[in-house]
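Same order as they appear, the protein sequences are chains F and B.
Position one of the first sequence corresponds to residue 1 (this note's numbering), numbered consecutively onward.
Position one of the second sequence corresponds to residue 1 (this note's numbering), numbered consecutively onward.
These are computed hints drawn from the structure, not numbers from a lab.
Treat each hint with caution, since some may be false.
Going by beta-carbon spacing under 7 Å, a handful of chain F positions derived as facing chain B [unchecked claim]:
| id | residue |
| --- | --- |
| 1 | Arg24 |
| 2 | Gly177 |
| 3 | Thr249 |
| 4 | Lys250 |
| 5 | Leu298 |
Taking lysine-lysine and the DSSO-like style, the derived pairs with C-alpha atoms no more than 27 Å apart in a straight line are [unchecked claim]:
| id | chain 1 | residue 1 | chain 2 | residue 2 |
| --- | --- | --- | --- | --- |
| 6 | F | Lys358 | F | Lys258 |
| 7 | F | Lys8 | B | Lys206 |
| 8 | F | Lys8 | F | Lys59 |
| 9 | F | Lys8 | B | Lys80 |
| 10 | F | Lys162 | F | Lys131 |
| 11 | F | Lys250 | F | Lys235 |
Think of the CB as a built atom: it goes at the ideal place given N, C-alpha and C, for glycine as much as any other residue.
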Amino acid sequence: MRSYFWQKRRIPLAWLLLSRQPLRLFVALAGICFAGILMFMQLGFRDGLFDASVTVHRKLDADLVLISPRSMSSISMTGFPRRRLIQAMAHEDVVGISPVNWNFLIWRNPETLSTRAILTLGFEPNDLLLKDPDFTSKSKTLTNFGRVLFDELSRNEFGPIKEWFKEGKVVETELSGKRVRVSGLISLGPNFGADGNLLTSRETYLDLIPNTSPGSIELGLIRLRPDSNKGMVAKSLTASLPLDVKVLTKEGFIEFEKNYWRSSTSIGFIFTLGAALGFVVGSVIVYQILYSDVSDHLPEYATLMAMGYRLETLLGVVCREGFLLAIMGYLPAYISGQLLYLLVRNSTKLPIYMDTQKSLLIFFLILFMCMASALFAMRRLIDADPAEIF
Amino acid sequence: MTKYISLTNQVQLSTPSVQDYAVKVNELSHWFGEGLNRRKVLDRISMEISLGEFVLLAGPSGCGKTTLLTLIGALRRIEKGDISIFGSKLLHSSRHTRQRLRRQIGMIFQGHNLLRCLTAEQNVQMGSDLLEGLSYSARRDQARFWLRSVGLEDHMHKLPHDLSGGQKQRVAIARALAARPKLLLADEPTAALDSVTGREIVDLLKGLANDQSCAVLMVTHDQRILDVADRLLSMEDGKLLPSIG
């Protein structure tokens, strides 16, 4: 089989036409690569935003959650009566609950003394909160008043908390104008709404925000029997609880948060538009390159037509040029994308990763971009008149 | 009954059948331009070229020689009259038919039109690649054979910009011959060559006409090669003058 194709092969005209002018080829590849990087970054930021917005949500140890119907997202949570969570305990499938307070408080960087808002969750240290085997032992330290667990993945602007704590130093600073001490480190990660995260006991939380009613919480975690149907229980609780509370499955809570960023803000649209612009810019560059390439070689194409080469064969050459440009432009864009994702991850701590879906999507977008440009450039070839070469 | 008078002191008498004609031109007229600028460039041309015949076409610049060549080469649409190539009529023919016929027609252009990105060997192989049923190595060997035939065995791997004008023209000739055409149309192929090389090329084309029954129609101003032709046609003001014997 290999021998058959080997013997049937032709002169690689598309490659030779492209590579004859290395500078032009370099400019074309740089243009495609730039468009690819732009798309990788824009889609990376968009997906990173959606993923980062639910890093805490994913780690909550819950099957169902209660929130206020007035809550819009993690950056604007509204309180509801804690007794709704107690009422939920009456359901036969509910085996555990955790009341959680959720708000942004002002953290002072102990090194620079500058302040910054940090997402703070208040919970009962003896309750379950996060799905983390080490968390139980860490949460016990919060039984002492004024203790907090600091998210080691928080942005550097909060200070060298992780480094100091690991060096064995006593790390104390101001939170909402009151002194707190870091009693441990957790690993959650920042998102577009919160640059860092902090966990503390409800007792400390209520002391930090004195005007919070002890009977009000922003989030209620519900754990069910392993064999129970989450959807059915959620429906049942929705029917039995008053309208001042909304029952969501954990997955529904994650989708609720993502949906806020996707539809209620312009961020998702802006990043998608940025990716679309990258596509358009890349298309224009590739079209210009292929069009001028076809124009430059028009007498040669006309000669081939005069020799008896079919127009379809020559259109195939332009198609192959587009395909080669797509492959050669995509590879450096992919590598650059990986390096830039690493850079963004390290500097922003946002979970921006190259996944198969994204890399395939951008490959096909670049391929489409190059092939569509080749199709438009072909019009020049179709107009070629072999008689004009005489 | 048609009488062919050879300029190489050979007299041929024959009565060719329709199939023996490589080219049959019948009352062909052609115009360029539109409206008031419309100008007649060919006026009721009729002629035949038989298989294996070597015909020279001479005439002053602008008399319509190249236009006639492009019409016979199925590169232009016929406006009035008709041309038959190997029995296939070109008038109202489809693009596919003209493209199929062009595979049997070798063309040597005044401006060689080599592909700049290909070596001499690859350029010639573009011609042999049109041959059906040959392997890659056989097509490449064909290209090498024709390059040797035109005396370019030492320049096979050179790009066109590394070749002289005469060498480029020889590559173009080799490319046309590599496709094994049954009809060869040449537009002043020896114009850029010195007298010795020009003569060699014309002899090569003449040999091809004899050995492979290939009809050759060559436009030329070169007085030194007139003796090679089987027949000399002259044109003036778009009209074909009576054959010179």
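A quick look at each hint next to the structure:
1. Arg24: Status violated, d = 12 Å.
2. Gly177: violated, 74 Å
3. Thr249: Because about 62 Å separates threonine 249 of chain F from the closest Cβ in chain B, which is outside the 7 Å limit, the hint is violated.
4. Lys250: Violated: closest Cβ of chain B sits about 61 Å from lysine 250 of chain F, beyond 7 Å.
5. Leu298: Given a least distance of 11 Å, the restraint on leucine 298 of chain F is violated.
6. F:Lys358 <-> F:Lys258: Roughly 18 Å between the alpha carbons, so the hint for lysine 358 of chain F and lysine 258 of chain F holds.
7. F:Lys8 <-> B:Lys206: violated, 32 Å
8. F:Lys8 <-> F:Lys59: Cα-Cα ~58 Å, so violated.
9. F:Lys8 <-> B:Lys80: violated, 42 Å
10. F:Lys162 <-> F:Lys131: The hint holds at about 21 Å.
11. F:Lys250 <-> F:Lys235: Within the cut-off at roughly 14 Å; holds.
In the structure shown, a violation is registered for the earlier hints numbered 1, 2, 3, 4, 5, 7, 8 and 9, in ascending order.
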